[in-house]
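Q: Guided by the hints, dock chain B onto chain A, whose structure is given.
In order, the protein sequence lines correspond to chains A and B.
Each residue of the first sequence is one higher than the one before, starting from 1 at the first, in full-length UniProt numbering.
Each residue of the second sequence is one higher than the one before, starting from 1 at the first, in full-length UniProt numbering.
All the given hints hold, so there is nothing to weed out.
In silico DSS-like links for lysine-lysine, alpha-carbon gap of 27 Å or less: (1) B/K12 to A/K198; (2) A/K12 to B/K198; (3) B/K12 to A/K12.
No lab work stands behind these hints: they were computed from the structure.
There are 2 protein chains.
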Amino acid sequence: MPDEETVPLAGKLAGLTSSAIRDLLKLTAAADVISLAGGLPDAALMPGPRIAAAAESALRNPAVLQYTESPGWGPLRDVLAERESARSGRTVGIGEVFVTHGSQQALSLLAEVLLDPGALVVVEDPAYVGALQVFRAARARIVAVPLDNEGMRVDLLEELIAAGQRPAVVHTVSNFHNPGSVTMSPRRRRALAALAEKHRFWVIEDDPYGELWFDRPAPEPVATYSSAVIRLSSASKILAPTLRVGWMVAPERVCRAVELLKQGADLCGSALTQQIVTELLADTGWLDSHIDTVRTVYAARATALVGAVADQFGDRLRCSSAAGGMFVWAEFTDGTDTRELLPRALDAGVAFVPGQAFAVATPYPHAMRMCFTTAAPEVLAEAVARLARAVEPVAAAGQSAQL
Amino acid sequence: MPDEETVPLAGKLAGLTSSAIRDLLKLTAAADVISLAGGLPDAALMPGPRIAAAAESALRNPAVLQYTESPGWGPLRDVLAERESARSGRTVGIGEVFVTHGSQQALSLLAEVLLDPGALVVVEDPAYVGALQVFRAARARIVAVPLDNEGMRVDLLEELIAAGQRPAVVHTVSNFHNPGSVTMSPRRRRALAALAEKHRFWVIEDDPYGELWFDRPAPEPVATYSSAVIRLSSASKILAPTLRVGWMVAPERVCRAVELLKQGADLCGSALTQQIVTELLADTGWLDSHIDTVRTVYAARATALVGAVADQFGDRLRCSSAAGGMFVWAEFTDGTDTRELLPRALDAGVAFVPGQAFAVATPYPHAMRMCFTTAAPEVLAEAVARLARAVEPVAAAGQSAQL
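In isolation and in its complexed conformation, chain A is listed as follows (with noise of 0.2 Å):
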């Protein structure tokens, strides 16, 4: 009898691969490995009885146990436009609302709704790895421009199109970037918007982590200044990843071509889900309380890390400042490569991810990305001096090499 084994697959899988990141957890899942390689918001601070207690009351719906409609549960959908009609000061209406199973299937069946085969899509360097995926997935020609303090090279964007390239769509993580840990700068949000107009492409600002900012409130959105602009976001980083409830702020025509999409992919949502979500969200007292403690826990956590990096190697690795968000970008000025540092600092008990699992153009050879969000201050203080044992023998290295 012929096995199963010589049954075809598609050709096209071909190209594709595992995120980078995710091979690297299964290796740094070690108990006496301290891991700033992950990208998990804290379980402890999530809202567990909250969460039990709205479900409880959801469940007295018999609505909410069927299937719900494709664009997402009607009273969610209220909600959010409430919500981004606050964040963005115009009127969303509740036909430019769509719940997505997490943000990141909004980018997935945008990048289906936006891309032909061969179109030019625009994402910033070092890349959200999450797009980049559903990009390649796509067949989409990827270009990257490079972020600095002010996020998005918006210049260098305008550039390429002067140049004559023609994106379809740009992407960008506009607070608190992953991995690149800075937030857009309002000169750059007018800008990008401006553009998107201008030569008529979408932008897709993917925003995560707008809600966890610790000192000031990000500014406000890319897509205040265009209908050209895609927004999306997620009751993951402020809520919980397993409610899968994110939803996208789009032009009606797109929501609806996102919804035959969304029938093909999934049918729909969980009412259950979509509806806890609604009353933590309707609940704006408790909800403000609640995003403030993480806040201010996550505040406490980016201090302690960026300190620490000081304290243990002065201008050695520069980091980026931390001012909301989950993560920290930190570059190497002695020639440290940390592809090569990561063996030496997994046997030190500490784990981070190279910049290079984010690079698109640049290689990013002594860049690292670190989550300060699942340990508490002296964790991250341990975690930096296991980090600069570690380091010891390879700047060794590279100055011996210099001679």
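A: Below, chain B without anything else, positioned relative to chain A:
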């Protein structure tokens, strides 16, 4: 300022249309219409309080709040492996079980994994509309093989192959077909599996209704006979659609390919709803009794519907026997055109789906699908009485045209 209206969507969207059934359902939502057009399980039979209790208990574990693994929550995959081993008479390993966001997502990811554009997919005629949507989006070439009382005409599939056609995938709803109501006979199952192995194609055995048998259990799965058969099933019809838990049993290399795509599509499912399903499926005493109740209620409704059709129409409307599942397929023998009938039926206060909505090669002008799950027996009898009142003029017109 230019409007976003001028920013283009992907050209490939041109061929994409909404499901005719979904559009129809919007028309039939009037309160005074008895709708047999839907395809929903009965929310009144779903275990709301049991789900609430399971949610509360699940949420005591912080891991349930977090992102979970792309192939699904470990404990659920364990329970499913055990369950599917019992169903298929062989040991199913956890690596062969992949949890999806409803079984529609499994279909959609499998289409990506198994099909290159232009690949040949064989479906049943009439076809499950959700599968057609997926295979069309994957740009497959679709050929339909008709159903008879024993399910798919595997002899005609064999003829197709003998004539030089080379399917990549054959899709079958093996038990209590939607919309055809029929169950594939054991000898056809063996023949289909043998063909798959001989000609190296995949069979997708789509089985959401297998547990909903009325008089006797469904035959052994097609997957029993070959590892070239990928089996899909779901918690939607036995527990509740809101959980959005479907699953696939497939060779590990297929599961690994689906995992890569799931990461891009939506990262992972909900550990919360997956843990709820784990608890409910693992409580086999409770589950058996719960499913037994659903079977008993649905069986009484199916009997009422089929009986009312026989009483009202005699031989004029030939109805499938309802041995399980959620649907009855009926064909007028007197020339009544069901698309022409529908507006009159809505006027008379009853809705159904015309056969044409499920057509691939055959137009099924005289056929209709009726769902019996959500109305009590006396309501179903009233629905059929209304249908009879709506039919009279059409039949008369048909007869006079024959003169």
